[in-house]
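Visitor: Each chain is listed here by its residues.
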Amino acid sequence: MRYKVVGALAASTLLVAGLAACSNDTGSSSGSGGSSTVTWALLTSEKPAADLVKAAYEKANPGVTINYTISDVDNYQTTTRTQLSSGTAPDVIYTWAGDGNPMAMTVVQKAGLIVDLSNEPFASKIPSGIAPVTSIDGKTYVAPITFSGIGAAYNQTAMDAAGLKAPTTWTELLAFCGSAKSMGKSAFALAAGTPWNTQLIPYALTPTLVYGPNPDFAAQMSAGKATFADSEWKTAFDKYKQMQDAGCFQDGDLGTSYEDALKLVATGDAFGSVQVNSSIAAMQQDAASGTQFSYLPMPANDDATSTRMAGAVGASYAVNAASKNKDAAIKFVDWLASDEGSTVYATAVAGIPAIPSTTFKADPLLATFIKYQTDGKTDPFMDQLWPNSKVQQVHFEVLQQLLAGTLSSEDALKQMDAAYAEGEG
Amino acid sequence: MALDRPVRRRKGGIDLNHRRGLWLFLVPAAAIYIFIVLYPSIQGAALSFTDWNGLDPVKNFIGFDNYVKLFHDPKALASVWHTLIIAFTITIVQNLVGLLLALGVNSKIKSRNVLRVVFFAPAVITPVATGYLWQNLLGQKGAVNEFFGFFGIPPVTWLGNQSTAIWAICVVIIWQFAGYSMVIFLANLQGIPQEVIEASMVDGAGPIRRFWSIIRPELAPSLTINLMLSIIGGLKIFDQVWVMTGGGPGGSTETMSTFLYKNAFQFGDFAYGIAIAVVLAILVGIISGGQFVILGRQNRGSK
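Quick note, the sequences are listed as chains A and B, same order. At position 321 of the first sequence the residue is numbered 321 (my numbering), and the sequence of numbers has no breaks. At position 210 of the second sequence the residue is numbered 210 (my numbering), and the sequence of numbers has no breaks.
I should point out that these hints are in silico values taken from the structure, not numbers from a laboratory. Glycine residues also receive a C-beta, built at the ideal position from the N, C-alpha and C atoms. Heads up, some of the hints might be wrong.
Per label pair, the in silico range of CB-to-CB distance [as the list claims (entries may be wrong)]: (1) A:Glu422 - B:Phe35: 35 to 45 Å; (2) A:Glu424 - B:Pro28: 17 to 27 Å; (3) A:Ser182 - B:Gly290: 44 to 54 Å; (4) A:Ala55 - B:Leu100: 55 to 65 Å; (5) A:Gly423 - B:Gln43: 23 to 33 Å; (6) B:Pro28 - A:Ala131: 27 to 37 Å; (7) B:Gly290 - A:Asp269: 48 to 58 Å.
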């Protein structure tokens, strides 16, 4: 048996070495000559920023070329993980802040694959609210570029036409659902057919219900002193189901895809949808010109003053430890996190900079969200503090079952607790 | 005289050498196959006995733990069950539909060439593209529900309902590949001597009798190939499921392929993913091998 392990190890080492030798040298640099190429990997959602950032950086740094590759989340995670383990990943890589995702900072840092960025100028400017998800043991490993929120995006034009107002309390929300239904429309378009979209409503409700009243909840969970099932998460799940029972969502919510849900809001067939703020740009593209949108927090109880929002680091970047071009790569990341870079980036993706920038002018649409951020009324996306990526995947799956009526909220949360208890992985 | 020599060679003792020489032609292909398929596969399979997460440089040997876990994991067992449902449903229905289409376009109807192209066309499309296409067609406001709406049938959430999603996926796969089965059956049908069929007509055999006693036994070779291809395709189905439901809603369409992909690439449990892949490979081997033996016996019997 022992012989087998050694054999397997030797064989896989050979394979990895072979792959590394065969692969193209993507991160090459001519060194002293001053001209160099930095390779940069990012997600489809960041596409609007890619060309603008490339142009601005290359203009400011003659002789440097930025070569970027864009891929969808699933592909990105698969490919980049494989590249990292074989030493062929791009120089600058999109890395999710915190944990709870196969390409999250904690996961790749633990394998020693990303560079310590603590001494870079941006590191000291990271706001304390997001410092925990950008550093490990006091050392910074990712540069946070944008800050995103989860809230209710409304088609304001359709709301005004129908004489409806965005709800600010739970009671108002249920009444809003009733009014929308009586007009033959739905209050909220829900894309429960797209797994990651199922989580958005619990993520919008739990800041008010769980993390606001008990800011230590995540720490208590990781210390084994709290569970999902014995917390207000149960209230959040029950309210989610209550929304469905009250007819807040369109018919066939479980068969609706993300794109379809955005279209329902864009056309006014649904008045709103709980989404990440970057989705508004996509809604605007689908909507008739002149359609106004609004982006507001989602009420979770009847005390409007206690309402909080989920807000977290969106895009963040790490430097590949195996990069042959580390200095140029770090310099590029420094620029991305600077006032100038984050302004170009955040403006392009209709977001806001994670590190407040003096040169940035926000879209008025995001004013409420920015106020929540500056008032400290936001909580990180829940998965960023979960110990493994399985909890989130289980979350998607149990929510579909909850909405289909085949699983109780209690059993759903117990499954999440079981995945959480599997610990780091 | 010059022509005589090769003939004599074939009959003489040089024959053996000649055959042995033919093996040499296999070497390049076999070497490539061993290098890029067999060797990495065995290497990969060895990883299923470790706890590798796909990233860490460290791998620990954990014996059969991943396999033990698999047989105690209700989600893994459910995925095996869903895979078998899909594989057997499409094997039976796709070949039945394919055979009917083949018999239809093998007749003398005028538009048969056009119909052959039309029926085969879906097989040319990438499965991922068909997945997205049907995701739209089967949507709440999609063409399928609109069509049923004409007859007063209320819209059904085909892909969002735990009891209909798996069948909707089967229908899409059958829609796509029935034409493929048809082409194989058609090639076989066209090889059946016309005289035999005409003779049976003269003897007064009706269409059903003619199919059962004359055509059916002749179709054995194409049936073997079709069953084999569709069952293997069904067992390893991934694209359409991934695109249309991602294994949902609530895991009701999770197949072995989607489940192993999730474990390997989304849960960071690479070794467990590989263990599922090894079980899937064994399952495909057993089912297709068994089928080959049984049908092979039948083929010999029917001749």
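Visitor: Now tell me if each hint is right for this structure.
Guide: Now for the hints, and whether the structure bears them out:
1. Taking 35 to 45 Å as the suggested C-beta distance range, the pair Glu422 of chain A and Phe35 of chain B conforms, at roughly 37 Å.
2. Against the hinted window of 17 to 27 Å, the Cβ-Cβ separation of Glu424 of chain A and Pro28 of chain B comes to about 47 Å, which falls outside the hint.
3. For the pair Ser182 of chain A and Gly290 of chain B, the beta carbons lie near 60 Å from each other, so the given range of 44 to 54 Å is not met.
4. For the hinted restraint 55 to 65 Å between Ala55 of chain A and Leu100 of chain B, the CB-CB distance of approximately 59 Å keeps it satisfied.
5. The supplied range of 23 to 33 Å is met by Gly423 of chain A and Gln43 of chain B, whose beta-carbon atoms lie about 29 Å from each other.
6. Between Pro28 of chain B and Ala131 of chain A the beta carbons are some 59 Å apart, a value that contradicts the proposed interval 27 to 37 Å.
7. Take Gly290 of chain B and Asp269 of chain A: their Cβ atoms lie about 52 Å apart, and the range 48 to 58 Å holds.
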